[in-house]
Amino acid sequence: MGVLPWKSLSWHLFFIILLSEGHFRWVEAQHCVWYGECGESIKVPGKKYNCNYTGPAVPLNATGYDLLTELCPGYDYGDRRLCCDVNQLNTLKGSLQLPLQFLSRCPACFFNLMNLFCELSCSPHQSQFMNATQFNGTNVVAVQYYIGKTFSNAMYNACQDVQAPSSNVKALSLLCGRDAKDCNATNWIQYMFNIENGQTPFPIIPTFSDVPVSGYTPMNNETSACTEGLDDGSGPCSCQDCSNACGPKPVPPPVPPPWTIFGIDAMTFIMWISYAAFLIIFISAVLGAWCYRRNTIMSEYGPILDSNNPPSLNSNNPDHVNASCCETLGERFENALRLLFSSWGSFCVRHPSLVILGSLVVVVASSGGLVYMRITTDPVELWSSPASQARQEKDYFDSHFGPFFRTAQLIITTPLNEQYIYSPYFGGSDVPFESILAKDILHQLLDLQLSIEGIIATYENQSVTLNDICLAPLSPFNTNCTILSVLNYFQNSHAVLDHTLEDDFYVYADFHSHFLYCVSAPASLNDTTMLHDPCLGTYGGPIFPWLALGGYDETNYNNATALVITFPIINYLNDSIRLGKALAWESEFIKFMKNFNNPNLTIAFSSERSIEDEINRESNSDISTIVISYAIMFVYISLALGHINSFRRVMVDSKISLGIAGILIVLSSVSSSLGIFSYAGIPLTLIVIEVIPFLVLAVGVDNIFIIVQTYQRDERKPQEELHQQIGRILGDVAPSMFLSSFSETVAFFLGALSNMPAVRTFSLFAGLAIFIDFLLQISCFVSLLGLDAQRQEANRLDIFCCAKLPEGQEEKKDSFLFRFFRKIFAPFILKEWVRPIIVAVFVGILSFSISVVDKVDIGLDQKLSMPDDSYVLQYFKNLSVYLHTGAPVYFVVEDGHNYTSPEGQSAVCGGVGCNNDSLVQQVYSASLISNYTTIAFTPSSWLDDYFDWVKPQSTCCRYYNTSGAFCNASVVNASCVHCRPMTPSGKQRPEGDDFMRFLPMFLSDNPNIKCGKGGHAAYDSAVDLYPKGAGVGATYFMTYHTILKESPDYIEALKMARILAANITQSMGHNVFAYSIFYVFYEQYLTIAHDTAINLSLSLASIFLVSTVLLGFELWAAVLVTLTIAMILVNMFGVMWLWSISLNAISLVNLVMCCGISVEFCSHIVRAFSISVKPSRAERAEESLAHMGSSVFSGITLTKFGGILILALSKSQIFQVFYFRMFLAIVLLGATHGLIFLPVLLSYIGPSVNKAKVFAANKRNAGTERERLLNY
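In the working numbering, the protein residues as written are 7 to 1278.
Source of the hints: derived by calculation from the structure; they are not laboratory data.
Errors might be hidden in some of the hints.
[To be verified] Here are the simulated DSSO-like pairs of lysine-lysine, each with C-alpha atoms no more than 30 Å apart in a straight line:
no. : residue 1 : residue 2
1   : K49       : K99
2   : K1016     : K993
3   : K861      : K1061
Note that the structure is predicted; figures quoted are calculated from it, not measured.
When you get a sec, could you build the whole thing from the sequences and use the hints?
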């Protein structure tokens, strides 16, 4: 029994001891861990240790009240008894300047952060959650800080989305020692307390727990979420800085599914069904007509749709015809043209000297304008109209902010394939590095980079170096050039690259650790490794890894397989001298790189001038190809034009000299057109020079063959003189020539209404050249034909006209081609069983082409613009393979917006109190769905950074109270005072005069270690200030597009940026537009389908109208001409799809030209059909094909075919794709439709014979050889 009381006493004593320990621990918690500052830190010079002190909290000196209120609002602890003095508060303020500048844009985030540091530095309860673990005399040299997990996580959650506007990244990427995506509550706090960050004078070891640890109660103060306002009136953080404040994440609209029917492409399905239905109807009609003819015992060439036989030359009553009014009008118009051209032809033959001399004078006078000729090679001038939206926006941007800088860029890979592993000394998983990041490769690359920096060019006897032309954003304070290179992490220095901290056993830090840190925090002035080397480039700005590295996956930059070095060069507007210096240096750069050789480095390179230089070189190299092509056509024309009846008369009957004269006339028309427009100051383009001779040669040679071959086949009437015969022949064929030439001229001039400069210029030059060619052919060429006919009749030799052949009787024979067309080709394709097959095949081809029209690619692969052997091709290839970011895009706010008013500011900014639909907020929201919008990052915002910079808590905005001049944060001077007072109103955004007073200071302030928000480097060109600080003009907010590789990517990026800009404009009520360097080139593709439809429709409409009139008001004949040409155009789209030819300005020019050449293939046949007096459609079609087909075939098809084949040998990919392939398709489709399909179509549904024309032909040809031929 006695033992129990003793046990009870023992338990009581145990509880008493526990309680007493708790009491003593609680009493101890009321004491400080330190107070005041003592010795200077050994590890971080300029910083001091705190003094060891375990007494109670000390009342704060009255001089520190304001400072305490500024740093730790609400932390006066009643009587302001603290464990820190004024010096410690000043040190705290200095240490927190960078976090303040980057995080204070989210008040809750910064409040929580200050909570962390204020409790650490000044709390009278320090000893409750802090333990001083090491001392050096009176100095506290290490402490342990117990922090609640709930607090640390809440603090991180409030800060994780805060943006750093000038860098297009999250603020924690700059403050956490690693990329924001790898940052968390634990490693962020560990980084801030790590002595290696250059700010902490002694180690502070954080321990995270929500329950007491070793007798310490972790600091777990109340926090504010980023969606909450603060007691001081600060509002919740903006959506941009707090994703929880945004509501649901924007969701892109679903991609529309492809249009299908029964799982088959809808257009393909529809066209197959349509084609099948057509075949059923057509075959039924053909069989029905065949049965009807069998029953009525008609000829196989009998008319299918004619109910009555039209009057012919064999009519019983040739003196009377029952013609309609329209037929009579058409015959009279036709007769008037015949008489006009007959009289003119006779005049030209009778007065050759006058006509030829007059023509020569006109040609020389017109061609004289060539001395004023300007050739445009500037891609902007070629592809973008001065009136276009993109061009006007480019001009606006250039005039307010200066043109977008030029670039010289290298993309470096290595043939070495040796991945190696880096093992960090301080723990962590092994990191694989690709061979391109090996130190010896980096040293070799640095040698190359330094050599490029040392390139010296000469311009007008002056030396030009990179420093003379490069972009140096901090100039004149820092004149180092901007070089976006991974080597700038090492200050472009071999010594820094070799900087290593090691001993005999371990490597503690080297270039690997520095690289890994810098790609996570590129704007850091001091890495957290033991090296303490800066990451910031020598030019004063960050090197973002996505701009300097390539070929990596996600953000594993150590896996990069390519390095990118970019030299931005100032692009001078309206300063030809400085621009000339830049061009001279770029030229030397290209020469240097072409001669550079290193077996360990594979380098693709380009400069701003490279594309234009290569296009010019391509044009020069293709001259020989073009010359050979034209030479083949010239030789063919000269030889084929003659009609040789016997070997004896080869030199008499040949037309070599006449053929050469005809070619010279064609070239004269081209030179006249060029000269006339050169007089008018309209510049030429390479397309004009390369395409128009081809086009005019096609039209001109066709007309030459028609005139000459019609003369060769004609028999002179009794008592008819030569000039009368040639005049009569011209009266017969000139209306057809006039029809085709005038149709093409009108079509081309209507094509000049296009917005595309290349299409407009081509159309103008081509239209005039064709019309001049027609005028010269019916005048000068007719005179030359008369002279040549006189030579031939006098038996004089061609070329050697002084020599004469003895008289001899020769039998006149038709040419082989004419006989082939008349006796074999025309009868065959118009056989009754062949015609349905031809119709079925051609309609089938048309159906296929219609089904793929919408599948033709739009755009121009820039690689096609380069020669096969161009160094730029490898650069383009590497660009699409390795680069991980797109082009910069600027959202430009045009001048006139009021930035000094709260409403104007809220409509633009992205911080606290800004509108949810502000400019910055909308661009930020777009970046969240970058796969849809192509906007990759949050925009850099000068306005938000200015608000952070001007805050009174920051040391950034100060001025000398004596002069009012700006005082940089790095200046230590008692006369420097804060720009704004530490009052509630002073903490608000600046407005009115205050806004304009300090803005120029912000834009001139260089960022430094005490103020990272200076706007000189990032925003100097982003704000266009009115003179004398009268206001803010135009400004821009920059971000980047996502990776863009192919033309559709660029087109989509432009489209989406414009939609976003339109939304911003609507919400702001002020005009905002998006601008990027490539917009002027790709804008045409937004509307090219519409432009193509309009251009071709106008061309077809003009051809229809002109054909209607010049065919003698034969409306149905004009419809058939237009229909056939439309079929050729549609089939061209089918060829483009099959042959991978994209739709762009070049192919549109070719399509417009196709319209013109197709007129040549079709109009002559249709006119011959319309004036034929044969009794049936099939016979009229056969006659027109026999007489005109051979001339068209020899004049266009054969002439062009040889020349086109030579284009396939061109080194230029543009020539191979857009000229060889398209020209070949144009000629083949034109020939097959004009010489095969059109005659068959006419034999079925051609216009009925014009009775008035038959009656006129009766009277005109009665009793002549012509009557015999017609009846034959």
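Hints, verified against the model:
no. : hint         : verdict
1   : K49 x K99    : 20 Å, holds
2   : K1016 x K993 : 20 Å, holds
3   : K861 x K1061 : 19 Å, holds
In summary, this structure violates none of the numbered hints.
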